[in-house]
Amino acid sequence: MEKLKDSLKRVNLPRLIIILFFLFIVLLAYVNDINVNSYIGSTIKYWGMWGILVLAMVPSIKCGIGPNFGISLGIVCGLLGSLLAIEFGITDMFNAIIPGLGPWAAIIFAMISSAFFAWFVGVAYGKILNSVKGSEMTVTTYIGYSFIYLMCIVWFRAPFTNSEIKWPIGASGVRNSLSMDSSFGGVLNDFLGFSLGGEGGVYIPTGLVIFFLLCCLVIFLYFRSKSGMAMTAAGSNPSFARANGIDVDKMRIKGIAISTVLGAIGIVVYTQGFGILQAYTAPLQMGFQCVAAILIGGATTSKAKISHVIIGTFLFQGLLMFTPPVSNKLLAGTDISDTMRQIIQNGVILYALTKAKGGSSNEE
Amino acid sequence: MKNNTEKKISFGSYAKNVLFKNKVIILFTVLCIGCIAASNTSLNYIASEVFSRFGRNACLVLALIIPCLAGLGMNFGIVVGAIAAQIAIFFVVHWGFTGIGGFMLCALFATPMAILFGWLLGILFNKTKGSEMITGLVLGFFADGVYRLFTLYIIGGLIPYDDPNLLDRGFGLRNAFDLSDSIKYALDDISFVTVFRILMLFIIVVQLINIVFGSKKNMTVDKKESMGKIIASAIGLVLSFVLMAVPGISAMIGGTRLILSDTLRIAMIVYLLSLVIRKFALKRDITKDKLVKTAVLTAAVLALSYIPAIRDILKSVSISACTYAVICLFCFFNNWILDTKLGQDMRTVGQNRIVAGSAGINVDKIRITATCISTVLAAWGQLIYLQNLGTFNTVQQQSNVGLYAVAALLVGGASVQKANNRQAIIGVVLFHTLFVVAPLAATQIIGDSAISEYIRMFICYGVIAVSLAMHAWKKKDKKVVKKTAGDEENTDAVKSVIWP
Amino acid sequence: MSSEYVVKMDNISKEFSGNKVLKNVSLQVKPGEIHALMGENGAGKSTLMNILFGMPAIWNTGGYEGTIEIDGKPVKIDSPQKAMECGIGMVHQEFMLIPGFTATENIKLGREVTTPTVASAILGKSLEELDRRTMAKDARRAMDTIGLGIDENTMVGGLPVGYMQFIEIAREIDKTGMKLLIFDEPTAVLTESEAERLLRTMKVIAGKGIAIIFITHRIDEVIEVADSITILRDGTFIDRLETKDTTAAKIAEMMIGRKVEKLVDNAGGDRKLDKDDIILKLRDYHVDMPGETVRGVDLDVIRGEILGIGGLAGQGKIGIPNGIQGLYETSGTIEFDGERIDPEKLGDALSKHMVFVSEDRKGVGLLLEESIEQNIIFTATQVENKFMKKVGFFTQYDAAAAKKHAEDMIKELDIRCVGPEQLVGSLSGGNQQKVCLARALTLAPKLLVVSEPTRGIDIGAKKLVLELLVKLNRENGMTIIVVSSELNELRSLSDRIAIVSDGKISGILKPEDSDADFGLAMSGVKVGGADNGEA
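Protein chains in written order, with my numbering: chain X, 3 to 366; chain C, 9 to 508; chain G, 3 to 537.
So that you can see chain X by itself, here it is in the shape it has in the complex:
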C-alpha cells in the first residue's frame, strides 16, 4: 500500500495527463478522418524547431537558476544574428562562389554571430542573476520582457539598409515579419528531407532533426565533462560545490550564458524552419512555452535531463498541432488551440511552482 502511494507520488502527474490527452486527441483526429500523417509531419517539424529553445532550459536549470524565463534575451540575439546575415547578403555572396552554398553560409554566419552576442549578453545577465539569488524566476521574466520591448525600439530605428529588412516605405527599421526565402529559410528542414511512406506520408525534415539531436548530444557530453559536472553540483548543492572548491557564482554565469547561446541558436533554427523572421513582440511568450515544454517532459524547477527536452517538446508541439483540426471539426469552425495552449502551458508551470521546494527567499 505504502509502495503504491509512493509510486503514485513519483509519477509526474501533468506529464501523464498530457500524454493521455495527446493520445485522445490523436484518436479523435483519426476517427474524424483527419489527415493524421500530415499533422504528424508538422509535429516532427515543430519538434525540431522548438527543440533547441527548450534545450536551453537544461543548463539554466542544472546550474541552479531554474527555468530561464528570460530566454528572450537569447532569442533577440539570434534575431540580430539572422538579420545581420540578411543585411550583409551572405547568401548571395556565397551563392556566387558555389551555387547552393549561400544558405548554409548564411545560417552558419547567423548562428556564430548570434552565439557571440548571446555569450556576452548571457554573462552580463548571469551577473545580474547572481545578485538576485532566490528570486531568479520573477526577475528573469521581467528582464526578458523589458529587453524585448527595448529591442522593439531598437528594431524600429535600427539602421538596416537591405531592402529585404527595411519597411517598404521609410529609411530604416525592421519590418514586422520578413521572409527568409532568399536567405536561409528551410535550409535545415529540406536537407535530406523525405516523405516516409511515399506520397502523402509523413515528411521527415532530416537535417533539422539531426541538428537538434546533435545539439542534445553536445549538451549531454558537456554535462559529462569536468566543467559540466561542476555545474551540476553547483546547482544541486551549492554548499557542497563550494566545499569542493567550485566557484558557484561562476558556474551559474556559465550556465545561463550557455542557455542564452542555445536560445540564440534555437531561434535561428526556428526561423529557418518557420520561413519568416518575426521581430518585435513575437518572442514575448516564447520563454513560457519553452519552460512549459520541458516541464511537461518531466523536469522540475530544479532538475532537468535531455530526455525531458525531447519528450516534452514532442508532446507539447504534438498537442498544439493536432488540436486545431480536431476542434475545427468538432466545434464548428473554431480554433480552440491557442486558448488551450495558454491553459496547458501556464497550468503546467503553476503545478511545477507548487511542487518546487524551498521558496525560502522571503525568509530571513
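In case anyone wonders, no lab produced these hints; they're calculated from the structure.
All residues carry an ideal CB built from backbone N, CA and C; glycine is no exception.
The reader is advised that the hints may include incorrect statements.
Below 30 Å or equal to it, Euclidean Cα-Cα: the simulated DSBU-like pairs (lysine-lysine) are [to be verified]:
#, chain 1, residue 1, chain 2, residue 2
1, X, K135, G, K347
2, X, K357, X, K305
3, X, K305, C, K135
4, X, K228, G, K364
5, C, K287, G, K139
6, X, K228, G, K354
7, X, K307, G, K406
8, X, K129, C, K24
9, C, K287, C, K349
10, G, K181, C, K349
11, G, K84, C, K137
12, X, K305, G, K392
13, G, K391, X, K228
14, X, K135, C, K426
15, C, K426, G, K127
16, G, K391, G, K405
17, X, K305, G, K405
18, G, K388, G, K413
19, C, K349, G, K177
20, G, K392, X, K228
21, C, K29, X, K129
22, X, K252, G, K391
23, G, K448, G, K405
24, X, K305, C, K137
25, X, K135, G, K364
26, G, K139, C, K426
27, G, K277, G, K465
28, G, K127, C, K349
29, G, K392, X, K307
30, C, K296, G, K139
31, G, K127, C, K231
32, G, K127, C, K373
33, G, K127, C, K137
34, G, K347, X, K129
35, C, K31, X, K135
36, X, K307, G, K388
37, X, K307, G, K405
Here chain G is said to cover these stretches of chain X; the calculated rule only asks that three of the stretch's residues, wherever they fall, bring their Cβ under 8 Å from a Cβ of chain G [to be verified]:
#, segment
38, 221-235
39, 245-259
Position chains C and G against the provided structure of chain X, taking the given hints into account.
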C-alpha cells in the same frame, strides 16, 4: 566657521537622503516633465486626460497595498478580480439592469466570485511561498486562458446566454462588449451633492448604532461625541438642501461632474471646517501652529489657483465626484484595516512568517484573507474602470490589469515589501501622465507614434524588472548589515545613551 | 500551602524513534527561585524544556512519560499556547522579534489590545481597532520592570542584540499570570557587560516572585545568580543541589563524569611522534562563521597524531575546519606542511591534500540525489582530474574507472548498499558518513579533518566509523583531526585534545586528564595540561 560647514554637511546629507529615498519618484517626475515639454500639447488636454485616467485606475492600484504589506509582494493575481468583475457584467447586462442599480448589482455579484477566486489564489500562494510574484503572474495568464475558454466557448454554449447582440456565431461572446446602454458612467454621473448626502446619512447611521448597541457590545462610546456628530451631519444634510436652492451653487454641486477649481475650493473649506470642529468641538490635540499653517497653506493654494495658466487648467478639467469619493474610500479602507487587529496580523505575517506563527497568528489564513481583500478590491476597481470606459474588449481587457497597476505602484516609490496609499496615488499620477505624454512626445521627436507603444511597455516592464532586482539585491545587503549589527564592539557606544 | 514548587516535573522520559533521550528526569523549581539547568550538549536540557513548553516537536513524536505539576496541580501541556496559559514563558535563543516593528508592537505581538467598533461588532473580532495608547503603556511598564530605558516607539531593527533580548524578556513579563520564565542560553549572544546586566535583571524578575529556569553552560554565571541547580547527563538526572553547597569544579565534574572506553592503546604501537614535526600550524586564526566564531587560535598539529578538538556547541570548534576549507571568511595564518594556505582561494586546502569531512553531512558533505559513485569520485574529478579522459576537445567522465574505484571503496570501507549506483540519499547515516570518508580518501589526504564524525549515527555505526579513523591513522600513518562535541569520543581515540571555548583554545589536555579539568576547560577556565603533550 567649522560649525557652519558641519551644519552644511548635515543639511547636505539630509537633502541627499531625501533625494535618495524618493529617487524613483524624482526620476519619473523629471521624465514626465521632459515628455510634457517635448510633447508640445496643451496642458489642459494633458491634465484632463490624467484626471480621467486617475479616476479609472486608482482603485486597481490601491487594491495592491494590503497583499504587499502581508508579504505577498506585488499581487499580479488581481487579474482574477478583474475577471470576476467582467463575468458579473456579462450577466447583469444580459438581464437588462442599467444605471447605478445595475452597477451595484454588478458589484454585489462580483464580490462573492472575487472572494472565491481570491480564496483559491490565496491557497495557491500558500503553496508557493517565496515565489508569489511569479505565481501571480503565471496564474494571471492561466486565468486568462480559462476565462477565454469561458467567454468564447462556454457562454452561449454550455451556459445559456441568449443575447444575439452579443453572441458571435451562436456561442461565444463578441469581441467588444458595449456598456453605453447599461452601466456606462453609472458611478461617474452621481453628483457631488448626492455623495455628500450619502456620507452624512452614513455617519448618522453609524453613530446611531454606536449609541444604541454600544453599551451592549462593550464598546467604549463617548455618547456626547456621537450625538455631536449626528447633529453636525444633520446640519450638513439640511445645508445641502438649502444650498441646492441657490441657483449658482446648485449648478456647481448638483451636476454630474465637478469642475476642478470648485473641487479645490470645496476641499479647502471641508478641510478647514473639519480642523476647526476637531479642535473646538471635539477638543482634539491640534496646536495653534498647525491651524495657522493650514490657513496659510489654504490661502496660498487658493491664490495659486488664480494664476491664469493654472486657472485655465482648473476650469477646464472636471472630475467625477462619486468616483473620487470611492477612491478616498479605498484609501480609508486600507488605512482602517491596517489599524485593526487583522491589519496588525497581516503586517506581522508580512515581516516574518516564523515570528508571526510563534505569536499564535494563523499565517496561512491571514495570507488568504489578504489575497481575498485584494481580489475583491480589484474586482470593484475593474468595475469602476469599465463603467468609465464604457466598452471593453471581452477577451483581453483584464490581461494587463496587474501589469499596469503594479508598474504604477512601483513608479510611486513603493517596493515589493512596503507600499502605502500615498505611493499609490503619486504612482498613478506619474505613471499615467507618462502614459499620456510619452506617445505625444515620441510623435513630436521621432515623427512616428507607433514606437510609443513600445516605449510604454518598456517602461512598464523595465520599472518592474528594476525594482524587483533592487529588492532582491537589497535583501542580500540587509543580511550583511544585520551581521555587523550583531558585532559586539559597535554597540557599546549606543549603550551608554540608552541605559538609564 | 498547596505546593512548595511552581513546577514539579517527575520521572520524565522521552523517546525519539526508539532512542531514549530522557530517562526518569525530575525537576523542581520554587517560586521566585533562579534554577540553573546544566549539562553538556545532548544531555537532554532542551528536550526537557520543550516538553515543559508543549512544543509540537514533542507531541508529533509520541509525547512523553511522567508527570508535570504546576502549583501542585497536575497538568498536561500539549501546546505552547497551553504552556502560556499555565504561566510559562520562554525567552528564545534566536529572537522572535520583528525588526520593522516598534518595541511596543513587538512586546504586544499577537496580544494586541483592541477596542470594539461598529465594524467589529458586525464582522468579527479580528476587525477590532488597536488601542495603541494602552499598548504603549503596557510596554512601558514591562520595560520599566526590567530597567530597559529605551523609548517604546523605537524600531527594534536598529537596536543592538543585547536590547533585543531584553525586549523579548519584556514581552514575557508583560504576559499576565507569568509564573515561570525559561531562559535558553540567554548569554550566548551577549557581550560581557550585556550578560552581566541580564543576570542582574534576572534577579530583579525573580525578586518579583517569578521563577526562572536558566539554561546555560557557563558555570561562573550559575555560581553568580542561581539558587539551585539541576544537572543532567546523557538524559539522566544526576543531582539537584543548592548553589551554596557546591563549587565550580564539582559542577564541572558532574556534567562530564563518565567512563571512557578506550578504542586504542595509547602507549602501544610502533608509532613515533616527533613533536617538532608540525604538519599544520595556525597562528592568530579567526573565522567569521555565524554561531561558531573563532577568535584567535594558535594551534600546532603534529604529523601522525590524532588530535581531538572539543568544546561546547557555539564555542567555535566547528569554525576551525570550516575556515581552513574556505567556506567562511578567515584571518590569520594557516601553514600546512611548510606551505601557506590561502582560504580565499576556493579549494586551496583540497589541492594541497588537506581534506575536510563536513559536520553537515546532508547540507555540505553529500549530493543526496546522486549516486554513491558520483559522491565518491566527485572531488577527485574536480581537484585532480582523476576519472576523466580526453576525447578530442572534451574531457569526458571515465565511467569505467570511476565505477571500479567506487566498488573498491565500498568493499574497503564496508559501505552497505545495493551497488555504486544507489542514491546516497537512501543510505543510512553511518553509510553516508562512510561515503564522505571514501571521497576524502580518494584524494589521498596528508591530513584528514573530520568534523562531528558520529553525529546522527546509531551506536553500532559510531564505533565502526571511529575504528576506521584509528585504522587509517595507525596503518597508513595519516594525520587526523577529529572535531566533536562528544568528549568521550575524543577521549577514546585522540592523542591530544584541544578544548575550544569562546572562540579560543582554553586548554590542550590528555585523554587521561580528569573530568574536572575537562569541565572547567569547556566552561572557559584556562587550564594547564598537556600543552605540547607527549603522546
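These are the hints, each one checked on the structure:
1. With a C-alpha separation of about 22 Å, the suggested pairing of K135 (chain X) with K347 (chain G) holds against the 30 Å cut-off.
2. A threshold of 30 Å between alpha carbons decides the hint, and for K357 (chain X) with K305 (chain X) the separation of about 12 Å falls inside it, so the pair holds.
3. For the suggested pair K305 (chain X) and K135 (chain C), the alpha carbons sit about 19 Å apart, so the restraint of at most 30 Å is met.
4. Of the pairs offered as hints, the one joining K228 (chain X) and K364 (chain G) holds, with about 23 Å between alpha carbons and a cut-off of 30 Å not exceeded.
5. For the hint linking K287 (chain C) to K139 (chain G), the alpha-carbon distance of about 25 Å falls within 30 Å, and the restraint holds.
6. Of the pairs offered as hints, the one joining K228 (chain X) and K354 (chain G) holds, with about 19 Å between alpha carbons and a cut-off of 30 Å not exceeded.
7. A distance of roughly 25 Å separates the Cα atoms of K307 (chain X) and K406 (chain G); the hinted pair therefore holds under the 30 Å criterion.
8. Between the alpha carbons of K129 (chain X) and K24 (chain C) the distance comes to roughly 29 Å, so the proposed pair stays at or under 30 Å and holds.
9. Distance hint between K287 (chain C) and K349 (chain C) is fulfilled; the C-alpha atoms sit about 28 Å from each other, no more than 30 Å.
10. For the suggested pair K181 (chain G) and K349 (chain C), the alpha carbons sit about 27 Å apart, so the restraint of at most 30 Å is met.
11. Only pairs whose Cα atoms come within 30 Å are accepted, and K84 (chain G) paired with K137 (chain C) is accepted, the gap being roughly 29 Å.
12. A C-alpha spacing of about 27 Å is found between K305 (chain X) and K392 (chain G), which places the hinted pair at or below 30 Å, so the restraint holds.
13. Distance check on the hinted pair: K391 (chain G) and K228 (chain X) sit about 10 Å apart at the alpha-carbon level, within 30 Å; holds.
14. Restraint check for K135 (chain X) and K426 (chain C): the C-alpha separation of about 20 Å stays at or below 30 Å, so the hint holds.
15. Between K426 (chain C) and K127 (chain G) the CA atoms are separated by roughly 26 Å; this keeps the pair inside 30 Å, and the hint holds.
16. For the hint pairing K391 (chain G) with K405 (chain G), the CA-to-CA distance comes to about 14 Å; that is within 30 Å, so the pair holds.
17. This hinted pair checks out: K305 (chain X) and K405 (chain G) have alpha carbons roughly 24 Å apart, not beyond 30 Å.
18. A distance of roughly 20 Å separates the Cα atoms of K388 (chain G) and K413 (chain G); the hinted pair therefore holds under the 30 Å criterion.
19. Taking the CA atoms of K349 (chain C) and K177 (chain G), the gap is about 18 Å. The hint holds against a cut of 30 Å.
20. Our distance criterion of 30 Å between C-alpha atoms is met by K392 (chain G) and K228 (chain X), whose separation comes to about 11 Å.
21. Straight-line distance between C-alpha atoms of K29 (chain C) and K129 (chain X) comes to about 26 Å, which keeps the hinted pair within the 30 Å bound.
22. In summary, the hint linking K252 (chain X) to K391 (chain G) is supported, as the alpha carbons are separated by about 24 Å, within the 30 Å threshold.
23. This hinted pair checks out: K448 (chain G) and K405 (chain G) have alpha carbons roughly 24 Å apart, not beyond 30 Å.
24. Our distance criterion of 30 Å between C-alpha atoms is met by K305 (chain X) and K137 (chain C), whose separation comes to about 20 Å.
25. Pair hint K135 (chain X) plus K364 (chain G) holds up; C-alpha atoms about 21 Å apart against a cutoff of 30 Å.
26. Pair hint K139 (chain G) plus K426 (chain C) holds up; C-alpha atoms about 28 Å apart against a cutoff of 30 Å.
27. For the given pair, K277 (chain G) sits about 28 Å from K465 (chain G) by alpha-carbon distance, which is consistent with the 30 Å threshold.
28. Distance hint between K127 (chain G) and K349 (chain C) is fulfilled; the C-alpha atoms sit about 8 Å from each other, no more than 30 Å.
29. Using a Cα cut-off of 30 Å, the hinted pair K392 (chain G) and K307 (chain X) holds, with the two alpha carbons roughly 24 Å apart.
30. A C-alpha spacing of about 27 Å is found between K296 (chain C) and K139 (chain G), which places the hinted pair at or below 30 Å, so the restraint holds.
31. Taken as a hint, the K127 (chain G) and K231 (chain C) pair is honoured in the structure, with Cα atoms around 22 Å apart against an allowance of 30 Å.
32. For the hint linking K127 (chain G) to K373 (chain C), the alpha-carbon distance of about 15 Å falls within 30 Å, and the restraint holds.
33. Taking the CA atoms of K127 (chain G) and K137 (chain C), the gap is near 27 Å; set against the 30 Å cutoff, the hint holds.
34. Proximity of K347 (chain G) to K129 (chain X) is assessed by CA-CA distance (about 20 Å); at most 30 Å being required, the pair is judged to hold.
35. Restraint check for K31 (chain C) and K135 (chain X): the C-alpha separation of about 24 Å stays at or below 30 Å, so the hint holds.
36. Distance restraint check for K307 (chain X) and K388 (chain G): the Cα-Cα separation of roughly 25 Å lies within the 30 Å cut-off, and the hinted pair is therefore satisfied.
37. Annotation: proposed proximity of K307 (chain X) to K405 (chain G) holds, straight-line Cα distance about 22 Å (limit 30 Å).
38. Coverage of the segment 221-235 of chain X by chain G holds in this model, with 8 residues showing a Cβ closer than 8 Å to a Cβ of that chain against a need of three.
39. With 5 residues having a Cβ less than 8 Å from any Cβ of chain G, the segment 245-259 of chain X passes the three-residue criterion, so the hint holds.
The structure shown violates none of the earlier numbered hints.
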